[in-house]
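Residue numbers (this note's numbering), protein chains in the order written: chain A, 1 to 265; chain B, 266 to 493.
A few of these clues could be false.
Stated by the list, open to error - Subject to a maximum C-alpha distance of 16 Å in a straight line, what follows is the list of computed EDC-like cross-link-like pairs (lysine to aspartate or glutamate):
| # | chain 1 | residue 1 | chain 2 | residue 2 |
| --- | --- | --- | --- | --- |
| 1 | B | Lys-341 | B | Glu-428 |
| 2 | A | Lys-162 | A | Asp-192 |
| 3 | B | Lys-341 | A | Asp-212 |
| 4 | A | Lys-162 | A | Glu-84 |
| 5 | A | Lys-178 | A | Asp-203 |
| 6 | A | Lys-80 | B | Glu-487 |
| 7 | A | Lys-80 | B | Asp-357 |
| 8 | A | Lys-162 | A | Glu-123 |
| 9 | A | Lys-189 | A | Asp-212 |
Since the hints were derived computationally from the structure, they do not count as laboratory data.
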Amino acid sequence: MTHDEGVIRQVALSDVFKDYDGKRALSAVTHTFCAGQLTALIGDNGAGKSTLLSILGLQARPSRGRVFFDGQDADTLDGKWLRERVFVLGHQTRLYADLSARENLLFFARLHFPHERRQTLSEQTEAWLCRVGLSQASDRPCRTFSRGMLQRLALARALLVKPQVLLLDEPYTGLDPKGVADLSALLVKARDEGVLVVVISHDFAPLAPCVDAAVLLRKGRVEKTAAFSRGTCRVEQLAALYAPSSVAVPAVAAVPQTPDVGGRA
Amino acid sequence: MFFLRQVGFLLWKDVLIEWRARELLLSTILFSVIVVLLFSFAFLGGALPTVEVLSGVLWVAVSLSGMLGISRSFEKEREADTLRALLSAPIDRAALYVAKLIAITLLMWLTSAVVVPALCLLFGLRFPAGGAWFVALLALGTTGFAAVAALFGASLGRARAREVLLPLLVYPLVLPALLASARGTYGVLYGTPESLADAVRWVKFLVVFDSLAIVLGLWLFEPLTTQD
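Here chain B stands alone, though its shape is the one from the complex:
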């Protein structure tokens, strides 16, 4: 009960600060729109890209902008040393991890909510069937990404070159989730019964990946955030 309450306090703080500053959300969304626009310019005048390419464009935009937002989110905590204040507070470190995981996931979901309509508008993205599976893939893919990023974002502490280290650590570890999300998205967009069945298999894979990532995050967050 206290654990959930602590998660609630920490999440309330993150949401309130973002609501007032609107710094992370706006910069992340703007960046994701720029990525989609750049891809649209690349295909300007030619044939519309295939669903394989569209699936790739979606996950490149979401993962790049997500990393930008996550990186800035932890940097903001470090600027005033508030991350140290949180780590010094008598809270379960796991509560801090869960709160950061939820905050990052929300940020990525909101970013996805802009990227998908942008793809529909610029690339004529359509969902012949399996819209619910598409939402599930987006939700699970971004949650898996956030589960790994939240762990390393806080644990890098005051390491030198941490802005460079964070993507170097996170991208290789979330590669299975990104590949699964991209393949699953392709399956949904292709729209045949066989491809949809394939997408469902990738959704199941993502459920397992997310569960493992969250369990490992809860387990490793305390030792990784202990100061030297």
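If we strip away everything but chain A, and leave its shape as in the complex, we get:
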């Protein structure tokens, strides 16, 4: 029983609809996301990608349909248990402008691990600040940070809390070339450690080499899905998937959309 074991291996959406003020954002979305895979969620602006990510990240409830974590309806699972394991990094970095980078990381680390010793959390905080290249700026208030630095810090916070489901909306925004490369390496590492990673991005170049699966959303519906052997996905393949249906999709293997929502990995 995954809930008892504490490990999430699969997140499935079953016939999910979402309406905002009478406008349909998602229609009949059925798809399964697996742990140890990085899935690219692609589509035009307004296609419903961020809405889908919010539903996966339990920050929005479907108007209709169900979300299953290893076959168990999310509504029946303990909210705190899920929040320990699922992390969403959206458009906003959700950092406190008047706290320093170190204080922000330490604060969120302490919320996630209240039983952990402060010394241990401080060491982990320092390690992550170093890993995202913010050691020199760790005492500066975040209000003085550039967009790229905030994005790095937000990523450090996302990975510091060791989520099992990591959902990122346009994570490459504002990053310099080194930051982009570092982020891709961190995502691959998380994926290889068994984290279920879903990334929304219009920037295919850094993302493609990391992608194991891709989902194309159009007008709130899953239009195409694709699976790739590890490390073989190329930018052209994602671009072809993204292209209108009349354009051929080279070397993309179609995968069935209907998951076994009650199944276990």
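Given chain A, put chain B in place with the hints provided.
Coordinates of chain B only, in the frame set by chain A:
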């Protein structure tokens, strides 16, 4: 134990941010002083207002400035979407409610600590007896106000016109506490044994009101902050 620790982390964050920015405290105190000054201009040249009026002036100033501070406090959390970050963290939602309740109460107590001397200075407010009951009324009245405001401040989420909705929701619900505080304050300021006994009855009423408001807040905070 973890619950108290989480409350401590959240409160530490709020206090540290306010200590650095001093935005909420200064704006709230300034607003409360302006309200008291406006009332003092209204009575300029005439006889000093009665204790009934003074009691009203005190609670109008405290409740208006308190609402301004509370509203700004939650708006600040929403601007950078940090409220969502807190709601997404694996903490007891009740811990978030308690931390916000304490932070708002502290803000209102500090505001009261400025309003009362201002009333003494401008209106010649005196306490013939029952100073301790006056402090109890202030503490309980503001705590009851904060208990209701903390619940709705966080739960309005990204609702449209939430700045307008917050006072519209909070004031009707805290009306019993505000009336009790004003009547109790009048009793203390009037200073007769009968009026003091009346003030003690209002203190007891406020203890019950605060207890109910806090219990309901702890109970309702999680369902009200769950996203649609």
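Please flag the earlier hints that this structure goes against, numbers listed from lowest up.
Checked against the structure, the only hint that fails is number 3, while the rest are satisfied.
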